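Novice: The numbering of the sequence shown is full-length UniProt numbering, which starts it at 1 and goes up by one.
Simulated from the structure, these hints should not be mistaken for lab results. Each hint should be verified, as a subset may be incorrect.
[As the list claims (entries may be wrong)] Pairs of lysine to aspartate or glutamate, EDC-like flavour, derived with a Cα cap of 16 Å:
| no. | residue 1 | residue 2 |
| --- | --- | --- |
| 1 | 37 | 135 |
| 2 | 115 | 135 |
| 3 | 33 | 162 |
[Unchecked claim] Simulated DEER-style distance windows between Cβ atoms:
| no. | residue 1 | residue 2 | range |
| --- | --- | --- | --- |
| 4 | 148 | 104 | 22 to 28 Å |
| 5 | 56 | 23 | 31 to 37 Å |
| 6 | 152 | 68 | 20 to 26 Å |
| 7 | 98 | 145 | 16 to 22 Å |
| 8 | 111 | 42 | 35 to 41 Å |
| 9 | 76 | 135 | 31 to 37 Å |
| 10 | 162 | 77 | 32 to 38 Å |
| 11 | 145 | 113 | 17 to 23 Å |
| 12 | 145 | 103 | 16 to 22 Å |
Since this is a predicted model, take the numbers as computed values, not measurements. Beta carbons: idealized from backbone N, C-alpha and C, even for Gly.
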Amino acid sequence: MRGLPRHTELIDGSLVFVSPQRKWHGRVIDLLKDELKRQAPPHLRADREMAVRLGERQVPEPDVLVVTAEAYDREEPGTYYFPEDLVLAVEAVSPDSEERDRGNKPAKYAAAGIKHFWRVEQDDGRTIVYVYQLDPATGSYVPTGIHHDRLKLTLPFDIDIDIDLTSLGTLRRPPGPGAL
Numbered sequence: 001m002r003g004l005p006r007h008t009e010l011i012d013g014s015l016v017f018v019s020p021q022r023k024w025h026g027r028v029i030d031l032l033k034d035e036l037k038r039q040a041p042p043h044l045r046a047d048r049e050m051a052v053r054l055g056e057r058q059v060p061e062p063d064v065l066v067v068t069a070e071a072y073d074r075e076e077p078g079t080y081y082f083p084e085d086l087v088l089a090v091e092a093v094s095p096d097s098e099e100r101d102r103g104n105k106p107a108k109y110a111a112a113g114i115k116h117f118w119r120v121e122q123d124d125g126r127t128i129v130y131v132y133q134l135d136p137a138t139g140s141y142v143p144t145g146i147h148h149d150r151l152k153l154t155l156p157f158d159i160d161i162d163i164d165l166t167s168l169g170t171l172r173r174p175p176g177p178g179a180l
């Protein structure tokens with residue numbers, strides 16, 4: 001969307017200005033994008049923070065996306081993907097995006113037919129990935145797993161990712177007062 005700050009989303013016809021993210025958010029996005037890029041089969045590509053045009057009033061920006069190679073290499077449109085281009089949408093939840101990332105955006109991705117969705121959260125310094133798959137009978141996502149430390153899946157393709165970010169320097173909560 002021209003003339004607007006980077007990472008502005010259009011949700012239900014309203015502009016959503018994304019606030020600055022925490023270190024964990026950037027690190028988990030980098031890790032997932034890099035690992036998905038490395039592990040994806042030749043006909044798929046990983047990308048990050050690109051808009052998806054779900055409709056006239058719906059242009060969200062998933063944190064990480066896996067798209068077809070054809071869509072990735074396509075010159076136009078150069079600022080967004082179409083829902084049919086996506087194999088996977090990933091949202092890393094931040095305090096200011098909880099409602100959108102847990103409810104609104106997954107419902108819109110499912111309604112658009114995006115087959116796989118991951119919600120990534122942090123709990124006391126640990127990364128947790130909630131994995132969902134589109135149920136064709138209901139048109140909504142159903143949970144297929146909750147992953148701590150390691151994400152090992154066979155859909156949408158074979159994936160094995162160490163999601164323990166402590167090795168990347170992600171800070172855990174400091175000990176409470178008086179702790180040694």
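Novice: Does each hint hold? Answer for all of them.
Specialist: The hints, checked one at a time:
Between residue 37 and residue 135 the CA atoms are separated by roughly 26 Å; this puts the pair beyond 16 Å, and the hint is violated. With a C-alpha separation of about 8 Å, the suggested pairing of residue 115 with residue 135 holds against the 16 Å cut-off. With a C-alpha separation of about 13 Å, the suggested pair residue 33 and residue 162 falls inside the 16 Å cut-off, and the hint holds. One distance hint, 22 to 28 Å for the beta-carbon pair residue 148 and residue 104, holds here, with the actual separation near 25 Å.
Under the hint 31 to 37 Å, the C-beta atoms of residue 56 and residue 23, about 35 Å apart, fit the expected range. The hinted range of 20 to 26 Å is satisfied by residue 152 and residue 68, whose Cβ atoms lie roughly 24 Å apart. Between residue 98 and residue 145 the CB atoms are about 21 Å apart, so this pair conforms to the stated range of 16 to 22 Å. Taking 35 to 41 Å as the suggested C-beta distance range, the pair residue 111 and residue 42 does not conform, at roughly 30 Å.
For the pair residue 76 and residue 135, the supplied restraint of 31 to 37 Å holds, since their beta-carbon distance comes to about 33 Å. A beta carbon spacing of about 35 Å between residue 162 and residue 77 agrees with the range 32 to 38 Å that was offered as a hint. For the pair residue 145 and residue 113, the beta carbons lie near 21 Å from each other, so the given range of 17 to 23 Å is met. Checking the proposed 16 to 22 Å range against residue 145 and residue 103 shows it holds: the Cβ atoms sit about 19 Å from each other.
In this structure, the hints that do not hold are numbers 1 and 8, in rising order.
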